[in-house]
Amino acid sequence: MPVNVLIVDDSAVMRTLIKRVATLSEAPIGIMYEAANGREALDILEQHDDIQAVFTDITMPVMNGTELLREIASQNRWDHLVRVIISTDGSAARRAEVEDLDVRMYLEKPFRPEAIRDVLATFV
Amino acid sequence: MSLQPSSDVTRAGVAAGLVGRPDACEGVRGALALVAESSFFTMAEPIDQHRLDEWVAETGAVPWVRVGVTFAGSFDGAIDIDLPEMLGTRLLTAFAGMGDGEGPQDSQVRDMMGEFANMVCGSWLTQFCRSERFDLTPPSVQYLKAGPPPQPRHVAGTVLAAIEGVPVRVTLTLLKGEPAGVRA
Numbered sequence: 007m008p009v010n011v012l013i014v015d016d017s018a019v020m021r022t023l024i025k026r027v028a029t030l031s032e033a034p035i036g037i038m039y040e041a042a043n044g045r046e047a048l049d050i051l052e053q054h055d056d057i058q059a060v061f062t063d064i065t066m067p068v069m070n071g072t073e074l075l076r077e078i079a080s081q082n083r084w085d086h087l088v089r090v091i092i093s094t095d096g097s098a099a100r101r102a103e104v105e106d107l108d109v110r111m112y113l114e115k116p117f118r119p120e121a122i123r124d125v126l127a128t129f130v
Numbered sequence: 081m082s083l084q085p086s087s088d089v090t091r092a093g094v095a096a097g098l099v100g101r102p103d104a105c106e107g108v109r110g111a112l113a114l115v116a117e118s119s120f121f122t123m124a125e126p127i128d129q130h131r132l133d134e135w136v137a138e139t140g141a142v143p144w145v146r147v148g149v150t151f152a153g154s155f156d157g158a159i160d161i162d163l164p165e166m167l168g169t170r171l172l173t174a175f176a177g178m179g180d181g182e183g184p185q186d187s188q189v190r191d192m193m194g195e196f197a198n199m200v201c202g203s204w205l206t207q208f209c210r211s212e213r214f215d216l217t218p219p220s221v222q223y224l225k226a227g228p229p230p231q232p233r234h235v236a237g238t239v240l241a242a243i244e245g246v247p248v249r250v251t252l253t254l255l256k257g258e259p260a261g262v263r264a
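Here the protein sequences come in this chain order: P and H.
For the first sequence, the positions run 7 to 130 when my numbering is used.
For the second sequence, the positions run 81 to 264 when my numbering is used.
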């Protein structure tokens, strides 16, 4: 069954890259929703209950990735969401910040395309 | 690797011992190479100032771009990447996998160059100070008419490289505080 994902990054080019890699991975990906920040991501999650996974950057304007994940974690209706962080910030301090937010995987940018494929393989 | 000592250490608020940090510059060089290879499937070949000057003389007044990212944490600073605009277009094609006939839009090239600087800065900070958190500002992109711009002030180090035979200059500016060095 195809998996619908939400890609959250303030860089449109990065969102395009992630979508392209996900498509090329041959994983059964369904709809790929996009958001430029955490606030937009929450709006999309409110409107679409068919999303199974969220790939999010950390540093974004309006609402950053950590704030988005905290909001997701605070609502039982989103317990099923697989959460993946894709960020340039791979510091231990930042990882510790999201430790209690049920993050499936933390990918550091720059990432090789295989990394996205491997993440998808864990839940698709 | 070329180090450009700051001409006014006191005004920068940077300790005298900070001028010319080979460890930091090697880290920036490593981050540039990692980003070039992982995201753009190319190499960042070390060059010297002479090679940069030669390229500029041979190609004439081509437009350049400066992309900057500032960071704040246990020490504050900025990374600026200066590159010819045409390289930005080539990198976007490699990054986003654009095929023939898919002409990149200016906004996409700008976005990609910002992401390029973001990845170099973030990758360097993650490797250089892995235990610490830094906050990065959204990248700024400045288009310049011709030739590489003058280096930023109070530069702590400079890395020169060629990507696809085109020169790239990365400068590290330290504004406040001092990195303790490479940490696990």
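Source of the hints: derived by calculation from the structure; they are not laboratory data.
Hints may be right or wrong, so weigh each one.
Stated by the list, open to error - Per the computed footprint, the stretches of chain P lying under chain H, defined by three or more beta-carbons under 8 Å from a beta-carbon of chain H, are: (1) 49-57; (2) 85-97; (3) 116-123.
Said to hold, decoys possible - If you anchor each label on the Cβ, the simulated ranges turn out as follows: (4) H:F121 <-> P:D124: 31 to 37 Å; (5) P:D49 <-> H:P230: 17 to 23 Å; (6) H:T217 <-> P:T29: 29 to 35 Å; (7) P:A98 <-> H:G257: 15 to 21 Å; (8) H:D133 <-> P:D55: 39 to 45 Å; (9) P:D106 <-> H:V142: 47 to 53 Å.
Every residue gets a Cβ at the ideal spot worked out from N, C-alpha and C, and that includes glycine.
Whether chain H covers the segment 85-97 of chain P (at least 3 residues having a Cβ closer than 8 Å to its Cβ atoms): holds (count 5)
Three-residue Cβ test at 8 Å for the coverage of the segment 49-57 of chain P by chain H: violated (count 0)
Taking the CB of D106 of chain P and the CB of V142 of chain H, does the distance hold inside 47 to 53 Å? 50 Å, holds
Measuring from beta carbon to beta carbon, are F121 of chain H and D124 of chain P in 31 to 37 Å? For F121 of chain H and D124 of chain P the Cβ distance comes to about 18 Å; the hint is violated.
Is 39 to 45 Å a correct range for the gap between the Cβ atoms of D133 of chain H and D55 of chain P? 60 Å, violated
17 to 23 Å as the expected CB spacing between P230 of chain H and D49 of chain P, which holds or is violated: 44 Å, violated
Check, residue by residue, whether the segment 116-123 of chain P contains three or more positions whose beta-carbon lies closer than 8 Å to a beta-carbon of chain H, and give the verdict. holds (count 3)
Honestly, do A98 of chain P and G257 of chain H meet the 15 to 21 Å range at C-beta? 19 Å Cβ-Cβ, so the 15 to 21 Å window holds.
Mind checking the hinted window 29 to 35 Å against the Cβ distance between T217 of chain H and T29 of chain P? 32 Å, holds
Checked against the numbered hints above, the structure violates hints 1, 4, 5 and 8; every other hint is satisfied.
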